[in-house]
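Protein chains: 2
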Amino acid sequence: MDVKTTCLGVLAKGEASGYEIRKHFEDGPFSHFAEGGFGSIYPALNRLTADGLIDCSQQAQDKRPDKKVYRLNDRGFDALLGALAQPPAEDRYKSDLLFMLFFADHLTPARLALLIDARIDFYRDKLDQMRNCAPTEPDGNATSDSLGPAFVHGFGMSVYQAALNYLETHKARLLDDVARAQNADAAE
Amino acid sequence: MDVKTTCLGVLAKGEASGYEIRKHFEDGPFSHFAEGGFGSIYPALNRLTADGLIDCSQQAQDKRPDKKVYRLNDRGFDALLGALAQPPAEDRYKSDLLFMLFFADHLTPARLALLIDARIDFYRDKLDQMRNCAPTEPDGNATSDSLGPAFVHGFGMSVYQAALNYLETHKARLLDDVARAQNADAAE
DNA sequence: CGTCGCATGTAACCAGTTACATGATTAA
DNA sequence: TTAATCATGTAACTGGTTACATGCGACG
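Keeping their order, the protein sequence lines are chains Y and Z.
Residue numbers for the first sequence follow my numbering, so the first one is 53 and each next one is one higher.
Residue numbers for the second sequence follow my numbering, so the first one is 53 and each next one is one higher.
Simulated from the structure, these hints should not be mistaken for lab results.
The reader is advised that the hints may include incorrect statements.
Chain copies aren't distinguished; within one or between two, either way the pair holds.
[What the hints assert, rightly or not] No farther apart than 30 angstroms at their CA atoms in a straight line, the calculated lysine-lysine pairs in the DSS-like style are these:
no., residue 1, residue 2
1, Lys-146, Lys-119
2, Lys-223, Lys-119
3, Lys-75, Lys-65
4, Lys-146, Lys-120
5, Lys-65, Lys-223
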């Protein structure tokens with residue numbers, strides 16, 4: 053599942069420019085399981101246009117480059133369905149932070165606290181942000197096409213919440229244990 | 053944080069061959085936040101040897117290629133500490149499954165069930181496997197160098213458990229809602 | 001006066017994946 | 001007999017990241 057397919061997915065939810073697509077990857081409902089920078093999105097969009105899966109309508113703007121708004125067409129929609137019918141690749145998760153914390157005994161408690169606090173803040177912000185863009189309508193009337201987004205949104209929040217809880221409840225203990233172990237070492 | 057650094061990390065916990073390192077990425081304590089296949093590990097190991105960060109002792113074996121066991125040396129350890137002192141890159145998580153579930157309204161309930169059940173099984177297996185290789189000693193005596201691994205291990209289990217719980221508790225509802233929405237559509 | 005947000009793109013680079021090459025042993 | 005485990009490696013590919021290029025408006 054490459055950037056091209058991901059773009060198809062974003063466009064299936066509504067027309068957008070390359071710039072807006074990237075925002076979806078960063079902040080929007082796709083942010084916790086997809087990624088892509090300008091350097092991959094713009095070429096992908098050009099490729100999809102050349103392949104006839106999306107249409108582009110140029111909108112002239114004052115003192116700015118033309119805004120190119122892309123819209124999924126029927127062939128593009130079929131291509132998306134095709135990707136959806138494929139067996140999914142395994143999730144991939146990579147974390148520098150966990151790698152570092154794995155070697156907690158080689159870090160000072162101060163640095164550990166810094167690293168963990170930064171991540172706690174990150175999760176708190178992320179959760180706040182997600183609470184403010186829940187995909188279900190305020191009146192509770194879920195439309196058929198918000199079922200998936202709502203499910204995925206809830207999944208993301210659960211996982212982030214679990215991560216946050218873990219860090220909050222185990223941080224002090226880790227700091228403590230590491231400090232004691234290092235004092236013991238120094239005393240030897 | 054590239055494969056070279058990750059290999060350094062694995063070797064800091066004990067000598068290993070390329071083959072064994074890959075197993076650590078797949079099953080071992082590094083499996084939930086690091087990855088790498090043979091095609092990246094072997095070149096990385098050769099590079100680290102050339103750079104003088106690890107030492108290699110060849111062990112002849114019957115009817116098999118020589119087993120090359122690598123060991124971290126002082127320079128390699130310093131390099132690891134250097135990497136640990138760097139600001140960590142953001143976590144990256146990519147999930148085909150979540151992307152697919154996002155478009156639940158375009159999938160049949162049968163396929164949704166298949167996808168979700170497969171993932172439920174995955175998390176159950178993973179959690180079982182993790183329970184059987186907890187980094188704390190059975191007697192509860194944590195050594196200083198198991199503090200980090202134990203913390204990271206606990207983190208991973210919490211997050212997997214949260215993901216599993218979510219899928220288990222919300223699966224039926226999603227299937228139901230999607231089926232109803234699709235029936236309504238067909239009736240129109 | 002700086003930097004963030006808007007807005008698009010290219011080119012070089014690089015890291016990692018995939019496929020290939022080899023081959024014995026053991027369990028299903 | 002088929003697949004998995006052990007065991008190492010190379011070469012081609014591919015995909016995405018990074019850095020560069022351009023430029024105005026708004027906010028602090």
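Checked hints:
1. For the identical chains of this complex, Lys-146 and Lys-119 are inter-copy neighbours only, at 29 angstroms across copies versus 34 angstroms inside a copy, given an alpha-carbon limit of 30 angstroms.
2. In this assembly of identical chains, Lys-223 and Lys-119 lie within 30 angstroms of each other by CA distance neither inside one copy nor across copies; the values are 47 angstroms within and 40 angstroms between.
3. In this homomeric assembly, Lys-75 and Lys-65 come within 30 angstroms of each other (Cα to Cα) only inside a single copy, at 14 angstroms, whereas the closest approach across copies is 40 angstroms.
4. With identical chains, the CA atoms of Lys-146 and Lys-120 are at most 30 angstroms apart between copies only, with a shortest distance of 27 angstroms across copies and 33 angstroms within one.
5. Taking identical chains as interchangeable, the C-alpha atoms of Lys-65 and Lys-223 lie at most 30 angstroms apart only when they sit on different chains, with a minimum of 23 angstroms there against 40 angstroms within one chain.
In this structure, only the earlier hint numbered 2 is contradicted, and the remaining ones agree with it.
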